[in-house]
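*Asks:* Chain residues, written in single-letter form:
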Amino acid sequence: MIATVISVPQLIVFIVSVVIIAIGGVGLLSARYPVHAALFLVMTLFGVAVLFIEEGAEFLAAVQVVVYAGAVVVLFLFVIMLLGVDREEITSFAGDTVRVALAGVGVALILAELFIVATGAWVTGAHAVAGKLSAGSNIGVLARSVFTTYLLPFELTAALLVIAVVGAVILSRRMSGVAQPRAHESREV
Amino acid sequence: MSIPGSWYLVVAALLFGLGAFGVLTRRNVIVMFMSVELMLNAVNLTFVTYARMLNDVGGQVAVFFVLVVAAAEVVVGLGIIVAIFRHRATVTVDDISSLKG
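The listed protein sequences derive, respectively, from chains A and B.
Using the numbering used here, you'd call the opening residue of the first sequence number 1 and step up by one each time.
Using the numbering used here, you'd call the opening residue of the second sequence number 1 and step up by one each time.
There may be inaccurate statements among the hints.
As the list claims (entries may be wrong) - Chain B regions said to be covered by chain A (calculated; three or more residues, Cβ under 8 Å):
| hint | stretch |
| --- | --- |
| 1 | 15-23 |
| 2 | 26-33 |
| 3 | 41-54 |
| 4 | 64-71 |
| 5 | 74-88 |
Unchecked claim - Among the chain B residues that face chain A by a calculated CB cut under 7 Å, a handful are:
| hint | residue |
| --- | --- |
| 6 | Ile3 |
| 7 | Val61 |
| 8 | Ser98 |
FYI, nobody ran anything at the bench for these hints, they're computed from the structure.
Note that the Cβ used here is the ideal one computed from N, Cα and C, for glycine as well.
Just chain A, with the same shape it has in the complex:
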């Protein structure tokens, strides 16, 4: 019955990518080692990228794979390697049932609310000034919107990236002279 309404290939792609997302997400939550968690994260990000393509957001899918699954996860793996690969968590879920139960209840409440919003409500109102999505190719429409309507935020992201780079350099730089005795002191306390 569903197959008569929705085309079968799209349905298959949707189901497969949802399964991939689910396996990656649950694996990320239950992984004992941070490296495994990072690899499960890659899996989930690829699944989301496939869903992006199916929804017609080809450019964002490409950016998702390049920036997220490429750069961000490599950065995560870099830090994991820097801090020690075989570092296992003392406990992941076991031994702290109260906290896990409270978190489960909270997440279940949020999910119930989101399900009601996702399946019940319809967004109405005037169309935004950004433009129609069906006006041309995905990249063309997106570029026209970013470089005209959202030009100022786009320029501001340049400042944001510079601030992030400078901040990361300052944070990760080994402080000379001053920091060493302080670190020693705090370990003794």
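Since the structure of chain A is already known, use the hints to place chain B on it.
*Replies:* Only chain B this time, still in chain A's reference frame:
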């Protein structure tokens, strides 16, 4: 006909729930950080879905900016984690619960 938008919204809600549960229950700061990325991705999926449902490119532009901010956030956050590790030699949140340096 393509898949209804509400299905994507349900998937995004589930992904958001998984990420929130990870942030609340895991103890390793790096894994918590990855769970935050999961939540950001769920919201991105919601934005793209609404962009398609409303035929409005604004949603995809929002995802574009979220990607930029998330990349910057990861850089600064991992820098903070490395700095904490230098001082305390731990990445478990229970050991770094006090703000004292």
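*Asks:* Would you settle whether the hint for B/Val61 is holds or violated, based on the nearest Cβ-Cβ distance to chain A being less than 7 Å?
*Replies:* Constraint on B/Val61 satisfied, holds at 5 Å.
*Asks:* For the hint on B/Ser98, just tell me whether its beta-carbon gets within less than 7 Å of chain A.
*Replies:* violated (10 Å)
*Asks:* Verify this for me: three or more residues of the stretch 26-33 of chain B with a beta carbon less than 8 Å from a beta carbon of chain A.
*Replies:* holds (count 6)
*Asks:* Can the stretch 41-54 of chain B be counted as covered by chain A under the rule of three residues or more with Cβ-Cβ separation shorter than 8 Å?
*Replies:* holds (count 10)
*Asks:* Taking a Cβ-to-Cβ distance below 8 Å as contact, does the stretch 64-71 of chain B have at least three residues touching chain A?
*Replies:* It holds: at least three residues are needed, and the stretch 64-71 of chain B offers 7 whose Cβ sits within less than 8 Å of chain A.
*Asks:* Report holds or violated for chain A covering the stretch 15-23 of chain B, Cβ cut-off 8 Å, minimum 3 residues.
*Replies:* holds (count 8)
*Asks:* Count the residues of the stretch 74-88 of chain B whose CB lies closer than 8 Å to any CB of chain A, then report whether that count reaches three.
*Replies:* Since three or more residues must qualify, the claim that chain A covers the stretch 74-88 of chain B holds, with 13 doing so at under 8 Å.
*Asks:* Go through the hint on B/Ile3 and say holds or violated, using the shortest Cβ distance to chain A against 7 Å.
*Replies:* holds (5 Å)
Hint 8 from the earlier list is the only one contradicted by this structure; the remaining hints agree with it.
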